[in-house]
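Sequences and hints are given; from them, build the entire structure.
If you want the numbering used here, it's the position in the sequence shown, counting the first as 1, plus 18.
Derived from the structure by calculation, the hints contain no laboratory data. None of the values given here were measured: they were computed from a predicted structure. Accuracy of the hints is not assured; some may be wrong.
Derived DSS-like pairs: lysine-lysine, alpha-carbon spacing no greater than 30 Å straight-line [unchecked claim]:
{"hint": "1", "residue 1": "Lys-88", "residue 2": "Lys-110"}
{"hint": "2", "residue 1": "Lys-170", "residue 2": "Lys-110"}
{"hint": "3", "residue 1": "Lys-193", "residue 2": "Lys-110"}
{"hint": "4", "residue 1": "Lys-140", "residue 2": "Lys-257"}
Derived CB-CB ranges, DEER-like [claimed, not checked]:
{"hint": "5", "residue 1": "Leu-180", "residue 2": "Ile-205", "range": "22 to 30 Å"}
{"hint": "6", "residue 1": "Val-183", "residue 2": "Pro-161", "range": "16 to 24 Å"}
{"hint": "7", "residue 1": "Gly-258", "residue 2": "Val-183", "range": "55 to 63 Å"}
{"hint": "8", "residue 1": "Leu-177", "residue 2": "Trp-209", "range": "21 to 29 Å"}
{"hint": "9", "residue 1": "Thr-90", "residue 2": "Ile-158", "range": "31 to 39 Å"}
{"hint": "10", "residue 1": "Val-183", "residue 2": "Leu-20", "range": "45 to 53 Å"}
{"hint": "11", "residue 1": "Leu-216", "residue 2": "Phe-35", "range": "37 to 45 Å"}
{"hint": "12", "residue 1": "Ile-156", "residue 2": "His-210", "range": "46 to 54 Å"}
{"hint": "13", "residue 1": "Gln-92", "residue 2": "Leu-28", "range": "17 to 25 Å"}
{"hint": "14", "residue 1": "Arg-71", "residue 2": "Val-31", "range": "31 to 39 Å"}
Cβ coordinates follow ideal geometry from the N, Cα and C atoms, glycine included.
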Amino acid sequence: MLRYLVRRLLLLVPILFGVSLLIFFWIRALPGGPAESLLGERATPTLVQAYRRRYGLDKPIYQQYWVYLKTTVQGDLGVSVASRRRVTAEIKQRFPATVELALAAMLFAVLAGVPLGFIAAKRHGGLFDHISLVASLIGISIPIFFLAIILKYIFAVRLAWLPSVGRISVLIDMKHPTNFYILDAIIERNWHALGDVLKHLILPAIALGSIPLAVVARITRAAVLDVQNEDYVRTARSKGLPPMTVDRRHVLRNALLPVTTIIGLQTGLLLSGAVLTETVFAYPGMGSWLRDAIFNRDYPVLQGGILFLALVFVMVNLIVDISYAIINPRIRYS
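Pasting the structure below:
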């Protein structure tokens, strides 16, 4: 296991190097630039050239990349062209919001998807199985932003049951030492703020977790159908164990192994879907931040933000692989 971990950690270097290359040249292939975006109608050749000189964009492309690579290795992701704040400070403020949203979405997907998939498998070929299949296909097919708009219109605008924008109501006074609002509210024992934060999370989490829910349900169904015909399950039943015990100890536990892998694979979907979800609900996370950076051609934000998310994605998949080995002792890494 230790050798496997070391090998995977060493693989981070070429992966992140390749990602940095792709990001760097992709954003510079976009039409326009930071100077044209910030100056707008005031952009003149003289002002544009002055801005390019100020941010080092007048240098040869290989020199720009070398400076970017050197400062990134030193932990300096630069300064946002639009906000003039350090990119690391922006990430520290916004990343917790996206983490809370992604975890809430995945929690919703797993807590709803696993039971749905399990029940569909136990009632294979029945009405519930067919309904869950149709619902899963619909869940996978509906675009996240469209579902987000529908949820917002029904539950926030028409019924006024839930808030429509933001992470917390503006009238609530709460300190944010960690920027994880749920954790901050618990630390301060501000239960009113905690309830408000959770209410703000419900609609974005459902919208973002809709596709993972459908995927988890289908994977769980297929895994349960496969596992319940294994010899060890039939042996457990022949010993007279109660059906619920067999399902809990043998069927469901082994059926969750592929679900664990799927959770890691869905991380990329959650991070990319966060852009649309955060936009619809005006949720101040990494997604809305990177969206604004694309419109502003904010090179430092795009370079630092996307590279950071790539690192998070790789680390999450590493954690999932380790978890898979813990859940299934038969797995050995060499």
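Tested hints:
The hinted pair formed by Lys-88 and Lys-110 meets the criterion: a straight-line CA distance of about 21 Å does not exceed 30 Å. For the suggested pair Lys-170 and Lys-110, the alpha carbons sit about 28 Å apart, so the restraint of at most 30 Å is met. A hinted pair counts as satisfied when its Cα atoms are at most 30 Å apart, and Lys-193 with Lys-110 qualifies at roughly 15 Å. A distance of roughly 20 Å separates the Cα atoms of Lys-140 and Lys-257; the hinted pair therefore holds under the 30 Å criterion.
The hinted range of 22 to 30 Å is satisfied by Leu-180 and Ile-205, whose Cβ atoms lie roughly 25 Å apart. One distance hint, 16 to 24 Å for the beta-carbon pair Val-183 and Pro-161, holds here, with the actual separation near 20 Å. Look at Gly-258 against Val-183: about 57 Å separates their beta carbons, and that is inside 55 to 63 Å. Checking the proposed 21 to 29 Å range against Leu-177 and Trp-209 shows it holds: the Cβ atoms sit about 24 Å from each other.
Under the hint 31 to 39 Å, the C-beta atoms of Thr-90 and Ile-158, about 36 Å apart, fit the expected range. Checked against the hint of 45 to 53 Å, the C-beta distance between Val-183 and Leu-20 comes to roughly 47 Å, which is consistent with it. Between Leu-216 and Phe-35, the C-beta spacing of about 40 Å keeps the proposed range 37 to 45 Å intact. Hint check: Ile-156 to His-210, Cβ distance near 37 Å, so the stated range 46 to 54 Å is violated.
Between Gln-92 and Leu-28 the CB atoms are about 20 Å apart, so this pair conforms to the stated range of 17 to 25 Å. As the Cβ distance of Arg-71 to Val-31 is approximately 33 Å, the hint placing it in 31 to 39 Å holds.
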